[in-house]
Every structure is written in structure tokens, then in C-alpha cells.
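Engineer: Here's the letter readout for the chains.
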Amino acid sequence: MKSNFRFCIGLLTAMIALGSLPYVLQGDYFFFAAFSVLQFVVMATAWNILGGNTGYVNFGAAAFFAIGAYSTVAAFKLFKASILVCIIFGTANAALIGLAMGYLTLRLKGVFFSIATLALSVVLMTIVLNTDFLGGARGVYVIVDRTPLFGLPRYIHLLYWIMLLISGFAIIVARTIQHSGMGQGLSAIRDDEGAAECLGVPTLKLKLIATTISGGLMGLAGTVFPFLITYIDPTSTFNLSISVNSIAMPLIGGMSTWMGPVIGALLLGSIQQIATVTISSAGNLLIVGFLLVLFVILAPNGIMGWFDVWRKRRKR
Amino acid sequence: MDSQFITLFLNAIVAGLLLGGFYAALSVGISISFGMLDIVNIAHPAFIILGSYATFLIFTYLGLDPILAVFIVVPVFFALGLVVYNVYYHSFEKHGSEPLRGLAFFFGLLFIIEVTIVLTAGVDYRTVATSYTDTTLKLGPVDLPLRLVVPFAISMLMVLGIRWFLSKTYFGRAVSAVAQDSMALQLMGVNPVKVKSYAFAISIVTAGVGGALLIIIQSVQPSMGRDYIGLVFAICVLGGLGSVYGTLVGAFILGIAETFTATFAGPSWAPAVSFGLLLLTLAFRPSGIFGR
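Taken in sequence, the protein lines are chains P and C.
Residues 2 to 317 in my numbering are what the first sequence lists, from first letter to last.
Residues 47 to 338 in my numbering are what the second sequence lists, from first letter to last.
Rather than coming from a laboratory, the hints here were simulated on the basis of the structure.
Misleading hints may appear alongside valid ones.
One side of the interface only, derived from the structure: several residues of chain C facing chain P at Cβ under 7 angstroms [as the list claims (entries may be wrong)]:
hint : residue
1    : Lys140
2    : Ile158
3    : Ser177
4    : Tyr178
So the derived label-pair ranges between C-beta atoms look like this [what the hints assert, rightly or not]:
hint : chain 1 : residue 1 : chain 2 : residue 2 : range
5    : P       : Gly201    : C       : Trp210    : 48 to 58 angstroms
6    : P       : Phe151    : C       : Thr106    : 34 to 44 angstroms
7    : C       : Gly109    : P       : Lys110    : 43 to 53 angstroms
8    : C       : Gly235    : P       : Ser282    : 47 to 57 angstroms
9    : C       : Leu165    : P       : Phe80     : 26 to 36 angstroms
10   : P       : Ile144    : C       : Val169    : 23 to 33 angstroms
11   : P       : Phe80     : C       : Ser177    : 52 to 62 angstroms
Predicted, not measured: the structure shown is a model, and the values here were computed from it.
Note that the Cβ used here is the ideal one computed from N, Cα and C, for glycine as well.
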């Protein structure tokens, strides 16, 4: 109870502090970068719901992101849907495909599951590439009326707000799952699926729920992307670096709690944004590569792992 | 009309076989590292592209034909493989830590190799022009482009050589033994780590050779390896893990499936069919066609 209260206060403070930035700071680029970092907070948190809790490594994070983005494109082209409708539509689509992926890959364990998600992502990308309605290989433009609402100075500030709310929502979902019976069931699957099954944990059901929620949240992260960038194409949305980042951030932050992916995403995301500006976009991939290798060798449990060690020492 | 269809059909089969043979060279290394040694080397395709660029550099600066360049690529990649395995072993395998971290390690390696290539050789497409790249033999109505026939032949030599090596030599049998029961091998007085490190180095060598073949077939660009990750794993899973013949069959199936889709439905659909095939295999027969 007390920790719940503390969490709410903390989240609310962070949201208000970050949400008031548009009234304080100028410059579009800062908000563009902040949007990207928040987007990765959602991706990493969503990936961790399946990957961190159950140990099933999804290589196809980018595919879910792309489903969200392309759902927005479809809804927008068909009905001129508002941003809120696009968000709901994209999330629902991604959640459905997450559920389908769960059904298709339930019998697979370990690396085979990962390869199947990779294959699914290639199949989806090929379908998009061959669908003229979605722009095919050329990509597609999403031109919206960019007048800001709520007395905000710029349109990008509105998108930044939406992304901030989405990240808050993703964090709440992840934390709720972790503290519920479902989270314990998922951890049991990670530790020993056979034993969990024997003890009456509904592994099948839990895994399906996890793939659905995880897929839906990744799609949610992608739904706003077309509004920010106004032009999307298959190579940028189905990009392997999105998938790898979604895996790398929880790994670097620590996968055992909801906080790990958030810290990993804030850290790695910010470093990458800075590196893209100061070095080059190739340099930023190099940083991801090196950090990933360094962390898995030197800090097996991520940054949160260090905290745990430190906490234990203090208690002694 | 009908004879035109038959020509198209025959050409698709032959092109598929040639392509499949080349795919076997790309994936036989995964069959060793993933199938036998249980090392999920996601970075294998990055080593393939590295092999392509090494061949390109040797071709440009020493003027050596890609086929001769292989003789330089092989020892260098063998050494590289030994180094990578030792880092991997000392950081992960020794402690028996969870496979996810090994996976992340190879993902990191993939990006490091990719960016290293970008920083040293640029992001442009690179190609080598040899005497045989533009020649096409005709066998009746069937086209035999030498740029596919030469890699096919070398690939077959290499894959069958590896198959012979693994089943007939003492060391090759030790590799199979390590795949089955590494503890028992240790009790027999063989050092499993040494066997594994040499076997892994061999898998990296095949990636280097595969890269040399790739740049004969088409022009190469640093991040192209990503497209091959799915392909090489698909082939190994399709054929059944750890079986060299299985890999060969899987490679032929994927090659033929791809050329057929490319011929009759358009090249842009090709990946969907091969990966759809993989998804179905995984869903209904996860052990592959030749799996135990």
C-alpha cells in the first residue's frame, strides 16, 4: 500500500515536471529527441513484459512498432481519423497480432521462439512492401493539420505530451503486472516452465496474455510515430535497430523489475540522441553495440543489479 | 506459350538450385555453431559481410581474384573465430549463464562489425568485376550465369568437405561428440573447450568464404547482413539442426522457393514465402525435416 502511494506520487511528479517542459524550453529538436527517448521507454517496457518476465526473447519488436505505425497510416488514409482513434486502432491491431503470434509460437522454446518472431517480422514487412495502399517500398506521407492544442506553443509539444502519457501508461501496466499474481506466474515460467505447469500455473494462458499486452504496447509506441515524422517507409519502421534497442535497454537497465527497462531506455536513448548529433548515426550504432557487449559481460543483471548489490551491502 | 512456360519453369529450377547451393555456404556455419555447439551466433551474417569486404579489399589492393582471396580470408577468419569464441567462453559459457546474454553479446558484435565496416570502407555498395561475372553459359533453353555457377561449385566443395571432415576425421567426430555429451568427452581425456573453439573458428571461416562468394554474385553494402540473419537460421531449422545434409536440403528448398516466387509472383514477395515456410515448419515440425 505504502509503496503504491510512493509510486503514484513519484510518477505524477515526473509527469508534471516533464509535461511542463514545453512552457519552459524552446527548440523543436529537444522535443523531437525527448519524444524518441520516451518512445523507447515504451518499447523497452513493453518488451520486458514478455522478455524480462518469462524469458521469451522477442526479436520482432520492430514489427509490432511498425504495425502500430502502419495502422495509423491506414486509419488516417481511410477515415481521416483523429490521433486518438489512430492510437486505439493501432494498439488493438498490434495486440491482436501479438495474440496470433502467441498461438503460432507457443510450442517453441528458447531460440526457436526468437527465430519465429524474426520470421514473422520479415513476413509482415514483405506484406507491407507489396501493399500499394500502405505506400509499398516507396513509403507514405501522413500530412496532418499541425495546429497545437491546449495552448501549447507547437504541434510537436502535443505529440510529446501524448508520448509522455503513453509512457506513464506503459509503466503502470508493467508495474501492475509485476506486482500481481500474473507477474509471479510469468516469473515461474521463466524459472522452470515444466515445474510451473505441474504446480497448476496456467502457463499457456499467461503466455498468451503476455504476448498480447507486450505486442499491444509496442504497437502503441508506434502509433504516434507517423504524426511526428510525417513520412514512414518499411526500412525505417521494420528496422533491426529498433528490435535490438528494445532488447538492449532492458538488458542494460536490468530485466527483473519494471524500473530496469525505464532506466536503460532513458540512459541508452539519451546517449544515442546525443551521439547522433555529435558523432554520426553510425557512431550511435557502435555505442549500442559496445554498451551491449560490455554490459552483458561486466554487469549481468544490469544497472538495477548494481543497486541490489549496493542495497544488500548497506543492510549489513 | 506452353514452351515459354516450360523454359521459365526450367530456368527457375536451375537458378533455384544454384542459389540454394550458395545459401548452403552461408548457413553451414550456423549449422555448426548453433546446431552442434549450441552457440546462437546472430552475428554470423555480419561475418559474411566482413568476408565480402575483406575479399573486396584484397581484390582492389592486391588484384587477387575472389577465389584466390579465399586463401587469405580462411586463416584470418580462423584466427578471428578463435578470438571470438574465447571471449564468449570466458564471459558466458564458463559460468553456464543464461543464453539470452550470449545472444545479446552477438547482437552487440553484429553492430560493432557493421559499424567498423562503415567507418573503414564507407556505406557505398561495393562490387568486384572478374572475368567470369558477366559470362552466361547456355544449356539448351537454360541459362547458366557463371556468377552463380562458380559460387555454387565452391560452396558445394566446401559443404561436402565439411561433411566429410565431421564424419570421417578424428577431430570431426570429436565435434559431434561435444554436441552430444561434452561431459563424456571430458572423461575420455579430450578438452571440449579446445574442440569447440576450433569448431567455432571453422564456422566463422565458412562465413568468410560465403562472403567472398556473395560479392561475386552481387554488390555488397555493410548492413546487408541483417537480411541474412533470418535466412541462415531458417535454412538450418528447416533442414534440422546440426545435420549438414539437412542444411543442404534446407538451402535448396529455400533457393527454389525464392526463385519460383520471384519468377511467378515478383521478386518482392520472395522473402515472405521462404519465411512463411519457416513459420510453418516451426509451428508443425519444430525439429526440421531431418531432425531427430
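Engineer: Against each hint, give a clear statement of whether it holds in the structure.
Structural biologist: How the hints compare with the structure:
1. Lys140: violated, 12 angstroms
2. Ile158: Since chain P brings a Cβ to about 4 angstroms from Ile158 of chain C, closer than 7 angstroms, the hint holds.
3. Ser177: With a minimum Cβ separation of about 34 angstroms from chain P (threshold 7 angstroms), the hint on Ser177 of chain C is violated.
4. Tyr178: The hint is violated - Tyr178 of chain C has no Cβ within 7 angstroms of chain P, the shortest such distance being about 31 angstroms.
5. P:Gly201 / C:Trp210: 48 to 58 angstroms: holds, 52 angstroms
6. P:Phe151 / C:Thr106: 34 to 44 angstroms: violated, 59 angstroms
7. C:Gly109 / P:Lys110: 43 to 53 angstroms: holds, 50 angstroms
8. C:Gly235 / P:Ser282: 47 to 57 angstroms: holds, 52 angstroms
9. C:Leu165 / P:Phe80: 26 to 36 angstroms: Distance hint for Leu165 of chain C, Phe80 of chain P is violated at roughly 46 angstroms.
10. P:Ile144 / C:Val169: 23 to 33 angstroms: 30 angstroms Cβ-Cβ, so the 23 to 33 angstroms window holds.
11. P:Phe80 / C:Ser177: 52 to 62 angstroms: Given a distance of about 59 angstroms, which is inside 52 to 62 angstroms, the answer is holds.
The structure shown violates the earlier hints numbered 1, 3, 4, 6, 9.
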